[in-house]
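Novice: Protein chains in written order, with our numbering: chain A, 1 to 495; chain B, 1 to 177; chain C, 1 to 112; chain D, 1 to 143.
What the hints contain is simulated information worked out from the structure, not anything from laboratory work. Just to be clear, a hint being listed does not mean it is correct.
With a straight-line cut-off of 30 Å between C-alpha atoms, the simulated DSS-like cross-links for lysine-lysine are [unchecked claim]:
#1 Lys76(B) - Lys433(A)
#2 Lys98(C) - Lys21(C)
#3 Lys76(B) - Lys98(C)
#4 Lys176(B) - Lys21(C)
#5 Lys172(B) - Lys72(B)
#6 Lys21(C) - Lys358(A)
#7 Lys106(C) - Lys176(B)
#8 Lys172(B) - Lys98(C)
#9 Lys176(B) - Lys55(D)
#10 Lys106(C) - Lys76(B)
#11 Lys172(B) - Lys55(D)
#12 Lys65(D) - Lys72(B)
#13 Lys55(D) - Lys106(A)
#14 Lys106(A) - Lys65(D)
#15 Lys106(C) - Lys172(B)
#16 Lys358(A) - Lys176(B)
#17 Lys98(C) - Lys106(A)
#18 Lys440(A) - Lys76(B)
#19 Lys76(B) - Lys106(A)
#20 Lys72(B) - Lys9(D)
#21 Lys21(C) - Lys102(A)
#22 Lys65(D) - Lys176(B)
#23 Lys176(B) - Lys98(C)
#24 Lys358(A) - Lys106(C)
#25 Lys55(D) - Lys66(D)
#26 Lys440(A) - Lys358(A)
#27 Lys66(D) - Lys9(D)
#28 Lys102(A) - Lys65(D)
#29 Lys98(C) - Lys9(D)
#30 Lys66(D) - Lys172(B)
#31 Lys98(C) - Lys65(D)
#32 Lys72(B) - Lys98(C)
#33 Lys66(D) - Lys102(A)
#34 Lys176(B) - Lys76(B)
#35 Lys76(B) - Lys102(A)
#36 Lys176(B) - Lys9(D)
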Amino acid sequence: MNLIPLFVAIPLAMAFVMPLFGRLSRLLPDLLGNAATLALAALSCAMINLPMMVYKVGGWEPVNGVPIGIYLVVDGLAVLMLLIINVIGFAVSVYSIEYMRKYTDKARFYTLFLLMMAGMNGVVISGDMFNLYVFLEVAAIASYALVAFGTEAEELEAAFKYQVMGTAASGFILVGIAVLYSLTGTLNMADAGKVILEQGRSQGALFAGALFLMGFGLKAAIMPFHAWLPDAHPSAPAPISAMLSGVLIKAIGIYALCRIFFNVIGLNLTTSYILMAMGALSMIAGVFLAIGQWDMKRLFAYHSISQMGYVVMAIGIGTPLAVLGGLFHLVNHATFKSLLFLNSGAVVYSTGNRDLQKMGGLNQRMPVTGATSLIASMSIAGIPPFNGFWSKLIIILAAVQAGYYGLAALAVVGSIMTLASFLKVQRYGFFGKLRPVWKKVREAPVFMCVSMVLLALLCVGMGLLLLPGVKDGLLDRAADAVTGGTDYSGLVLGK
Amino acid sequence: MIIVLCPLIVLMILGGVVALEATSLLSSVVLLGIVGFGLSAAFLILQAPDLAIVQIVVETLSLIIFIAVILKTTSKDTSTRGRGRTPHYVMAAAFALIFVLAASWALASIPPFGMPSLRMAEAYLSPNSLLQPTGAANLVAAVILDFRGYDTLGEATVLFTAVMGVLAVLRKTGRKP
Amino acid sequence: MILLFLAIFLFLVGLYGVATKRNLIKIVIGLTIMEYATFLILALIGYRQGAAPPIVVEKMGGATFVDALPQALVLTAIVISLATTALLLSIALRIYHKYGTFDVGKIRRLKG
Amino acid sequence: MRGMTPIVKTVTRGMAGMIFLYGIYIVLHGHLTPGGGFAGGVMVAAAFVLVFLAKGSPEAVSEAKKERSSMAESLGILTFWVLAMIGLIGGTFFYNFLTKGKPFRLLSAGFIPLNNIAIGIEVAGALFAIFITLAVLKAGGKK
């Protein structure tokens with residue numbers, strides 16, 4: 001029996017059951033939610049090192065070589081994304097056990113959380129454009145509701161802005177799908193790629209590409225389309241901020257962009273320049289906007305834009321080494337950014353404050369939070385031997401190798417600025433003198449610490465992914481799936 | 001065909017513009033009905049009875065929801081034209097112009113109206129359709145519930161998510177004191 | 001071709017509403033118009049000249065049907081649009097309760 | 001919320017019954033004629049909304065109704081999920097495991113009618129829950 005549909009079926013089942021039985025006991029929502037995420041994490045680990053799989057939903061075999069049902073495709077890139085989504089998701093759901101006690105209606109929180117997981121998993125395993133859109137909407141709508149979960153003025157406004165922009169982006173994506181369907185007569189991504197290759201890349205395909213760039217660019221918050229992120233990500237409850245910044249923008253933004261541009265439409269020089277320009281812009285402007293922030297979560301949110309800029313730039317460069325670096329950075333960013341947001345959540349949980357100017361010396365009272373945040377800060381700033389260093393190094397090397405010296409210099413500048421802004425976080429937040437106000441502050445509860453330590457260990461250990469034996473299994477395969485470009489159709493449809 | 005549809009869509013566009021410009025929210029919601037019911041008529045002309053039915057009932061229900069919200073709040077659009085918004089309008093106009101030009105350039109390459117390329121859909125509409133593999137007489141139902149049933153699971157999930165979201169957003173207290 | 005153009009124009013009307021209106025309900029209306037335009041585009045794409053609606057009736061000959069696939073997509077998209085609208089309206093309602101207005105200019109973080 | 005006059009109530013009761021029945025008819029014949037689970041489900045929800053508007057329920061009753069319609073929604077979508085999963089156990093997710101029957105009969109097309117019913121329940125529950133939530137919400141906070 002093939003297990004791919006379970007990635008969607010398990011979280012959905014738990015989410016559907018939750019409103020029926022969630023009220024019976026206090027513990028049940030926690031139990032069900034964490035059981036589901038644990039199962040998903042285990043399932044995604046089982047996907048490592050399996051060959052590429054194609055699953056035909058409903059058992060509809062192709063007619064005359066044209067797929068008529070929905071295909072689910074799990075290739076190297078999808079496995080990488082599944083791992084990120086489900087492992088981070090598990091850590092975050094463990095964290096939520098304690099953290100969400102501050103809010104009411106935990107059952108509904110877990111329902112929405114699992115729906116978001118299901119949506120992201122659905123996007124990643126889908127091999128069909130419209131199916132991708134539907135699951136993208138599941139994830140997106142769950143995330144809108146989760147941003148507004150606290151129902152305070154700040155959260156509601158951020159959620160409204162986020163949802164308006166997200167819905168407009170979905171409109172663009174849907175028009176793009178319509179144009180592509182009209183052009184190729186099919187929704188299957190592999191088949192569409194094949195038809196576009198046969199027809200030659202026509203104006204319609206480029207127009208659809210532009211629409212997708214706007215739509216998915218907005219979902220990924222790349223620079224001209226970033227306006228919603230600095231409001232939405234800090235306003236959400238901390239575990240959700242971690243999911244949004246750590247995973248969601250990658251799964252429904254960057255991943256979808258990669259899939260469509262590399263595997264369906266095919267990258268040409270113009271699009272790759274556009275991606276590089278947008279990436280470099282986000283990288284630099286994001287970090288400059290971040291360094292002036294005093295709100296801890298807002299600072300992290302701007303850094304998400306900046307770090308996504310690295311990924312998009314590397315993917316735009318498009319050489320195998322650059323793509324490898326970009327994907328590696330994507331994985332790393334998922335770990336350290338979600339860890340940072342969980343740290344900020346722990347600080348908010350214990351002190352009720354996230355303004356850096358009012359903190360100071362928290363290391364003395366909250367050793368676990370302080371230590372893990374130090375690890376995460378050094379990772380994101382690119383200090384060896386933490387994971388962020390290796391991925392940034394690869395990206396810079398790849399830029400130099402491809403002859404884009406300017407981009408390499410910008411990446412170095414961005415990295416230095418990142419270091420500066422995280423020195424600021426550490427200096428004002430965790431080191432220095434303890435203020436008298438915080439004398440009675442206690443360390444965050446045990447489940448929150450467990451999840452932060454888990455992510456910190458990942459941050460330290462992730463550098464090992466570059467070791468020869470490990471690298472072929474995971475990163476190389478993912479990079480191959482991207483750089484292989486339109487070979488994708490041949491692989492999915494079978495020769 | 002085009003002779004009927006053209007004025008209809010123009011009417012919808014006008015309805016949309018007027019709905020956006022009306023000063024009373026109640027009338028702008030009702031004017032939105034022009035667009036919605038016009039769309040349903042367009043579906044009927046385009047030989048899509050399923051869509052026409054769904055569009056009518058959905059339009060009615062969303063009208064009820066809109067009106068329920070407005071009756072609970074206010075129906076006056078008191079918003080001001082914020083200061084220094086001219087660059088905003090210029091940018092919007094420029095974007096619209098570029099979008100229309102790009103669309104006209106791109107639409108030249110897609111198949112002409114009325115002659116779609118049926119690559120995937122061929123199998124759904126086989127001439128021998130009495131024997132089509134799902135056994136459903138309504139081909140749209142066959143597509144949404146069998147060939148693409150997985151999509152429909154996603155669709156139902158979206159609705160479920162939205163209900164959970166509405167219930168979560170409108171609960172009495174968000175945070176414990 | 002002209003029909004597709006008009007549909008794209010409708011899309012832009014909605015986008016205009018979203019981008020320039022300063023009232024929460026008007027913004028939602030703009031989004032709804034945008035979504036309606038995308039449905040229209042999809043339905044136009046699936047139309048075939050002189051074809052019957054995709055419902056098989058007993059004892060009919062070898063008629064041609066219009067493309068059922070875009071219709072199925074529109075059906076799915078209508079539900080998604082309804083769901084989005086409901087959630088957006090409830091958020092707007094909650095914002096109204098906090099501020100007593102739908103005016104974007106008077107709501108702190110939505111200015112600009 | 002206050003109720004309306006007896007005339008309105010009486011007429012509504014009859015109308016709502018007819019709308020309800022028509023909605024169910026649409027759901028059951030979804031695989032034969034235009035319509036289907038979604039359109040029919042909305043109609044059923046509309047029938048409930050009509051009765052609700054005419055009667056005007058006190059808020060305590062509405063709260064219970066909200067819970068119940070939310071549960072109906074969960075059950076509907078869970079049924080749909082189970083139908084898909086039966087296919088997975090037999091081999092493929094969403095496999096149409098029932099016999100196709102004779103075309104044009106009510107009992108044909110495998111699991112499509114069952115799916116339609118599941119979706120009908122889900123949609124009716126969902127939309128009624130949304131409506132009640134919006135309708136009974138009391139204005140809180142700053143006015």
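Novice: Out of the numbered hints, which ones does the structure contradict?
Specialist: Result: hints 1, 4, 6, 9, 13, 18, 19, 21, 29, 34, 35, 36 break, sorted rising.
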